[in-house]
Amino acid sequence: MRQAASVFIMDIAHSSSLGNWNEVTEHLQEWEKVIQSWCGNVVKAKISHRRGDEILFVAEHYMTAFTIAVNMALQWKFVAQQPYFGISYGFIEENLDDLDIEIWNHPLIKQARLQSEKIKTLKKRETSIMFSDHLGTKRIITTPEILNLLAETLWKLRQKQSENQKIVCSLSYIYKEQKKIASLLHKTPSTISIQYSKGESELFRRSLLTMIKMLCSEESGENTDHALIILMHQLDDSIRTFMENHLGFFYPDLGKV
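Start counting the sequence shown at 6; every next residue gets the next number (our numbering).
If you're looking for bench data, these hints aren't it; they were derived computationally from the structure. From the three backbone atoms N, C-alpha and C, an ideal C-beta is built for every residue, glycine too. Among the hints, a few may not be true.
If you anchor each label on the Cβ, the simulated ranges turn out as follows [as the list claims (entries may be wrong)]:
#: 1; residue 1: Asn46; residue 2: Lys128; range: 29 to 35 angstroms
#: 2; residue 1: Glu122; residue 2: Tyr180; range: 25 to 31 angstroms
#: 3; residue 1: Trp81; residue 2: Ser212; range: 16 to 22 angstroms
Dumping the calculated DSBU-like pairs for lysine-lysine here, alpha-carbon to alpha-carbon at most 30 angstroms [stated by the list, open to error]:
#: 4; residue 1: Lys82; residue 2: Lys161
#: 5; residue 1: Lys51; residue 2: Lys192
#: 6; residue 1: Lys49; residue 2: Lys192
#: 7; residue 1: Lys51; residue 2: Lys165
#: 8; residue 1: Lys115; residue 2: Lys129
#: 9; residue 1: Lys192; residue 2: Lys161
#: 10; residue 1: Lys49; residue 2: Lys165
#: 11; residue 1: Lys51; residue 2: Lys184
#: 12; residue 1: Lys185; residue 2: Lys123
#: 13; residue 1: Lys128; residue 2: Lys115
#: 14; residue 1: Lys128; residue 2: Lys171
#: 15; residue 1: Lys218; residue 2: Lys165
#: 16; residue 1: Lys165; residue 2: Lys128
#: 17; residue 1: Lys115; residue 2: Lys38
#: 18; residue 1: Lys82; residue 2: Lys218
#: 19; residue 1: Lys181; residue 2: Lys123
#: 20; residue 1: Lys184; residue 2: Lys123
#: 21; residue 1: Lys82; residue 2: Lys171
#: 22; residue 1: Lys185; residue 2: Lys115
#: 23; residue 1: Lys82; residue 2: Lys115
#: 24; residue 1: Lys181; residue 2: Lys38
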């Protein structure tokens, strides 16, 4: 049965060079369970933690791999060892329920790995996410080219944020209300508002949402797929609810900033 799917291959920068290889590996094993919980009953997905510092993720729908990848990147705890993701999307003939991704040798896997390797070999890291532009269209500009530009923009916005601004930006995704964030961080709402504004958090969130909508549009074509839009919001709600209910995993030092 032909179905839309997306893939990411995630690797970790400097995973074995800082003397904490075992800690990184254990954290990835925890993340494997987190991602499974995020997807839950919302979208079909397969995930495999492989070779110590690599995660392979395959899921239905174009937007799923990016949605999971970007939220994982935003909540990653090892500042000096950041994850990076090669992403591909397209249609597959296989039934995802029956798929053994450990031996699956689909072109989407190769395309995602190629993008991951491109990031790895960059002399200057300018992005943490790269989409495969494999569709062979003759457009002046393709959707993956636009997505890669937006991914680079998100990366640079994130790098310019202070640590407090990063936390405020991430928490604003979970809670939406600045009063709640202020209470968690033991700050005034006005301080949170200033950090949110100076950190360009609104631009960051709008850009991220635009990318997800573009992937939904790419999958559905000229006709708006309302079921896909609903699914996009359901996955978003699943991620936010899980993070709110397991805040200690993502922010063990909350209140100390």
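Here is how each hint holds up against the structure:
no.	hint	verdict
1	Asn46 to Lys128: 29 to 35 angstroms	43 angstroms, violated
2	Glu122 to Tyr180: 25 to 31 angstroms	37 angstroms, violated
3	Trp81 to Ser212: 16 to 22 angstroms	19 angstroms, holds
4	Lys82 to Lys161	18 angstroms, holds
5	Lys51 to Lys192	40 angstroms, violated
6	Lys49 to Lys192	40 angstroms, violated
7	Lys51 to Lys165	34 angstroms, violated
8	Lys115 to Lys129	24 angstroms, holds
9	Lys192 to Lys161	26 angstroms, holds
10	Lys49 to Lys165	35 angstroms, violated
11	Lys51 to Lys184	37 angstroms, violated
12	Lys185 to Lys123	40 angstroms, violated
13	Lys128 to Lys115	22 angstroms, holds
14	Lys128 to Lys171	25 angstroms, holds
15	Lys218 to Lys165	25 angstroms, holds
16	Lys165 to Lys128	19 angstroms, holds
17	Lys115 to Lys38	25 angstroms, holds
18	Lys82 to Lys218	27 angstroms, holds
19	Lys181 to Lys123	35 angstroms, violated
20	Lys184 to Lys123	41 angstroms, violated
21	Lys82 to Lys171	12 angstroms, holds
22	Lys185 to Lys115	43 angstroms, violated
23	Lys82 to Lys115	28 angstroms, holds
24	Lys181 to Lys38	25 angstroms, holds
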